[in-house]
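Each chain, letter by letter, is given below.
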Amino acid sequence: MIRIISLGVLVAALLINMYLSAGVSDNQIQVVNAWSPAAPPTMAMHAGYLSLQNHSSETIELVAVSSPAYKSIEIHESLLVDGVLSMRMLRGLSVEPRKKIQFKSGGLHLMMHQPLAVRQVGDSFPVSFKLADGALIEFLMQVSSTGLVDTEASSTDMHHHHH
Amino acid sequence: MLPVRNSFLVALIVAAQCLLVSQTHSATEDYVTLKTPNEIKPFLLSDQYNQAFGLERLKNHWSLVFIGFTTCPDVCPVTLANLEAVRAEMGLRLSPGKIPRILFLAVDPDRDTPVLKEYLAYFHPEYIGLTGEVNQIDKLINSLNAFYRLDKKTPDDSDYDVLHTAFVSVINPEGEMVAKLNPPFHPHKTGNFLIQLIRGLKFDD
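Line by line, the protein sequences are chains A and B. Numbering-wise (the working numbering), the first sequence opens with residue 1 and increments by one. Numbering-wise (the working numbering), the second sequence opens with residue 1 and increments by one.
Keep in mind the hints are simulated off the structure, nothing from the lab. None of these values were measured; they are calculated from a predicted model. Some hints here could point you the wrong way.
As the list claims (entries may be wrong) - Lysine to aspartate or glutamate pairs mimicking EDC-like chemistry, simulated, CA-CA at most 20 Å apart:
#	chain 1	residue 1	chain 2	residue 2
1	B	LYS35	B	ASP159
2	A	LYS71	B	GLU174
3	B	LYS59	B	ASP157
4	A	LYS99	A	GLU58
5	B	LYS153	A	GLU77
6	A	LYS71	B	ASP159
7	B	LYS152	A	GLU138
8	B	LYS152	A	GLU77
9	A	LYS71	A	GLU138
Generate the whole structure from the sequences, applying the supplied hints.
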């Protein structure tokens, strides 16, 4: 039964995605590499990571995030201040023209509360950002094993800073 | 004349502050070997199998202690996975008995105790989770010169964040803290540091 439902969700998500890529051909806001680390079943909160590129010439405001796979989603930021880790919730997020924002471990991330189904590695689910003008940015997020992806990414970032 | 002189002074102060800030930054290195080992005072916690875990169980092994909590969705799972990658990196170059164990010190016992076993089994069956009475957690936290705080907004807040120090403590087989690892725990570099530390060599990056 759960299998059928998740298949249904997947098909629906694909349809939404096809609709989006057909409808908004000049898509100026692009979300890529959206993934959520696989997590123990004991966890009722999951993190979501992605890269969001604003190709347009205007600042966009992300005002809300939602997914049929979670009860609620917030934008959070992990902070490392004087060696102490903490987290804060953001009410919204501005993305300047032609800027790319990385949601990654230890920084900005989606905080996804109460998954509505059991997740397996490889599962995908739709997520949408709502913009201040009411437009929705839909994308698929994939459950992936926690691994080195992020470490590699952060070491690459650090490398760039030196140049 | 005076305004010019003032702005010169301001510039001087700003420059001095920049210098200070940059010095503090360079002082936060990824790997810090303590000049004198830090003695761990006696404590009594439980592991995830509800077996007593005190100072004597820290001995005869190298250990990496990471402070966290099981409802932490962002940093903790990635750090635990990275530490396993560090162990894998060391596995090729050290005898198994010298590879440090991973100890997850769970500082939010109300929410951590019921799920700690299942939580850690998900990451690696060999991980050891420690939790227990608040005063015993605080004893170990103090020995590690670490810090944490349950950030409850009201006394019955159940969706609170937990602030905690990000460093990983390296404990030697005598039960002394000998080094600190700071994020991001790059597997190769961290593995190199630990191998040299464990072999008793000075680390040079």
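Evaluated hints:
1. As the CA atoms of B/LYS35 and B/ASP159 are separated by approximately 40 Å, the hinted pair breaks the 20 Å bound.
2. Taken as a hint, the A/LYS71 and B/GLU174 pair is broken in the structure, with Cα atoms around 48 Å apart against an allowance of 20 Å.
3. Of the supplied pair hints, the one linking B/LYS59 and B/ASP157 is violated, its CA atoms being roughly 38 Å apart against a limit of 20 Å.
4. Distance check on the hinted pair: A/LYS99 and A/GLU58 sit about 10 Å apart at the alpha-carbon level, within 20 Å; holds.
5. Among the hinted pairs, B/LYS153 with A/GLU77 is consistent with the structure: their alpha-carbon atoms are about 18 Å apart, no more than 20 Å.
6. Among the hinted pairs, A/LYS71 with B/ASP159 is consistent with the structure: their alpha-carbon atoms are about 14 Å apart, no more than 20 Å.
7. A distance of roughly 34 Å separates the Cα atoms of B/LYS152 and A/GLU138; the hinted pair therefore is violated under the 20 Å criterion.
8. The hinted pair formed by B/LYS152 and A/GLU77 meets the criterion: a straight-line CA distance of about 18 Å does not exceed 20 Å.
9. Between the alpha carbons of A/LYS71 and A/GLU138 the distance comes to roughly 17 Å, so the proposed pair stays at or under 20 Å and holds.
Hint check: violations occur at hints 1, 2, 3, 7; the rest are consistent with the structure.
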